[in-house]
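Chains as they are written, first to last, in our numbering: chain Z, 818 to 1003; chain A, 4 to 420.
Wrong hints could be hidden among the right ones.
[What the hints assert, rightly or not] Here are some chain Z residues pointing at chain A (derived, C-beta under 10 Å): (1) VAL979; (2) ASP990; (3) THR993; (4) PRO995.
[As the list claims (entries may be wrong)] In silico DSBU-like pairs for lysine-lysine, Cα to Cα no more than 35 Å straight-line: (5) A:LYS261 <-> Z:LYS961; (6) Z:LYS961 <-> A:LYS101; (7) Z:LYS984 <-> A:LYS290; (8) A:LYS361 <-> Z:LYS984; (9) A:LYS361 <-> Z:LYS976; (10) A:LYS273 <-> A:LYS261; (11) Z:LYS849 <-> A:LYS290; (12) A:LYS361 <-> A:LYS273; (13) A:LYS273 <-> Z:LYS976; (14) Z:LYS961 <-> Z:LYS976; (15) Z:LYS961 <-> Z:LYS984; (16) A:LYS44 <-> A:LYS165; (17) Z:LYS984 <-> Z:LYS879; (18) Z:LYS965 <-> Z:LYS849; (19) A:LYS361 <-> A:LYS101; (20) A:LYS261 <-> Z:LYS984; (21) A:LYS361 <-> Z:LYS849; (22) A:LYS290 <-> Z:LYS976; (23) A:LYS261 <-> Z:LYS965; (24) Z:LYS849 <-> Z:LYS976; (25) A:LYS310 <-> A:LYS273; (26) A:LYS7 <-> A:LYS101; (27) Z:LYS965 <-> Z:LYS899; (28) Z:LYS965 <-> A:LYS290; (29) A:LYS310 <-> Z:LYS976; (30) Z:LYS879 <-> A:LYS273; (31) Z:LYS879 <-> Z:LYS965; (32) Z:LYS961 <-> Z:LYS849; (33) A:LYS7 <-> Z:LYS976; (34) Z:LYS849 <-> A:LYS273; (35) A:LYS273 <-> Z:LYS961; (36) A:LYS361 <-> A:LYS44; (37) A:LYS273 <-> Z:LYS984; (38) A:LYS44 <-> A:LYS290.
For the record, the hints were derived by calculation from the structure and aren't laboratory data. Idealized CB from N, CA, C, for every residue including glycine.
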Amino acid sequence: MATTKSPVDNGVNVQALLGARAALTEAPEGAKFQWRATCKWVYGTHSRSSIQQYFGLGQEQKHKTEFTFDADHPEVFASEDKGAAPVELVLAGLASCLTAGVAAVAQHREIQLHAVSATVEAGMDIQGILGIDSEVRNGFDGIKVTYKIDADATPEEIKAVVAQSQKRSAVYDIVTNPTNVTVEVS
Amino acid sequence: MRTKTIVIGAGHAGLAMSRCLTERSVEHVVLERGEVANSWKTERWDSLRLLTPNWQSRLPGYGYEGDDPDGYRTMPETIGFIERYAEVISAPVQTHTKVSSVRLHGDGYEVVTNRGDWQSPAVVLATGACNVARVPAVARALARSISSLTAMEYRSPDQLEKRGVLVVGASATGTQIADEIHRSGRPVTIAVGEHVRAPRVYRGRDIEWWMDAAGVLDDRYDEVDDIVRARNVPSLQLAGSPERREVDLNALTRIGVKLIGRLAAIHDGKAQFSGSLRNNCALADLKMNRLLERIDEWATENGLDDKVDPPHRFEPTEVEPSPPLGLDLARGEIRTVVWATGFRPDYSWLDVPVLDRKGRIRHDGGVVESPGQGIYLMGIPFLRRRKSSLIDGAGDDARDLSAHLASYLNGAISARR
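Isolated chain Z (complex conformation):
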């Protein structure tokens, strides 16, 4: 526990994170997590994903409640627009991961945050997914995240927090580096 009281409060329990880091350094097998989602087709391009269970710290774990996410495509794709497009959920995942990191890193560096907002833009040439041009990839041609941050810190310190958050972000790693993906039918 912290012996000195920090006046900075971004709501992140840094002591607990540092404690977990120390404990998992000694017991690295506990650091092996598995994240899961299930997805059910509803109708058309509309599907609903549910997230509740995961594995970590050596045992099965559970979110307090089940979270569900509807995904669909907008009407310009002749869909019914019952949810965000899956590619938009990826952007939400990236922005949420980076923003959580900003809060945690700022807390660790004793920087009080007042407001943080991120705008994420990702370009895509849909000639790829429509199969018009095989040289165009299906995915984004780039992602741009723009942060607006009001905090008790210099612009340089804020930039350093944002940079460090990228360095420690799982979703940033997932979208910037290749990952082997296996899709099977059981």
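Given the coordinates of chain Z, assemble chain A onto it according to the supplied hints.
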């Protein structure tokens, strides 16, 4: 054979320790697998110069005596310097004595060599931090048709086919090698992960002068925030050229070297690179600016502002808007890959349970945490201070650790239960 302390390795670190032990009248021997300064003789590329200026190689009882204090030693000069040091301090070196095992033996240790076995109550491990080139697992996926060598095997551009070269790694080794190979007419692409940018010269003085004067190099292992991280910080992007050439990424870009992200995978003959290049460059720029701020503050506090050039900041690292994420190695532009992905120590001969699960020696500022006591470590990054990996850092570490070692031998520090 018996002695009080066995020092393994006759490089600058082992010799500095030898000198300090002699000053304390601790009987010892220095065992060397080859000759004095062996790694410098056999494991470095031809054009390499020390990254620290001549004046900065201060060893206990020895220092630079020439007329070019601000120059950077070539390898022959470095070897000569260390050989002379061994002579000046009359170090009890046994050359061509290869250690095959160090093990517990009674209250001390037994050191097995090709020239007989030694016993002693204390052992100093000074075999260096860079015995083996680290090569990432992705190297195994490289097609045989592409030549591949480590920075330890690299000697000069003449070794390489006169075509494109991919240098993987952008720390001191990678950037210097990329610079040299590209200038030889072989177009270089350099894969850049996390790195540390620093200017060779700042405000008219060598960056090493600043870091030495401002106490940056004296930062202690028990005072930094996160010592595990500090010990893993990559080397500074510096070169020791006579013209004090910069080898940061902007300098490489200016001569035509192409920057690309960290090598993430090789799949079906295609290399894939991380999209994190921009952030890695931003992190390095921010970190460099924090170092320069610390230097500026120190300069002001110490009344140097009138005596040196005014403070300034360097251009941010330039990264093209969309650096390529893939490279088809089968296309034939790249004929050679040079792995400048770091080095690690070799402790395969160490039969004392002192390694952690990552194969690193567990130690407290060089005092090895062993089932017994009396094992000491020298010459690894941030052993006791930021300068521990420099020739200039060996002196203070050897002074501290020889004092601990002598107390241990005198029984002032309790022996093992």
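*Just pull the numbers of the violated hints for me, sorted ascending.*
Hints 6, 25, 30 and 33 not satisfied by this model.
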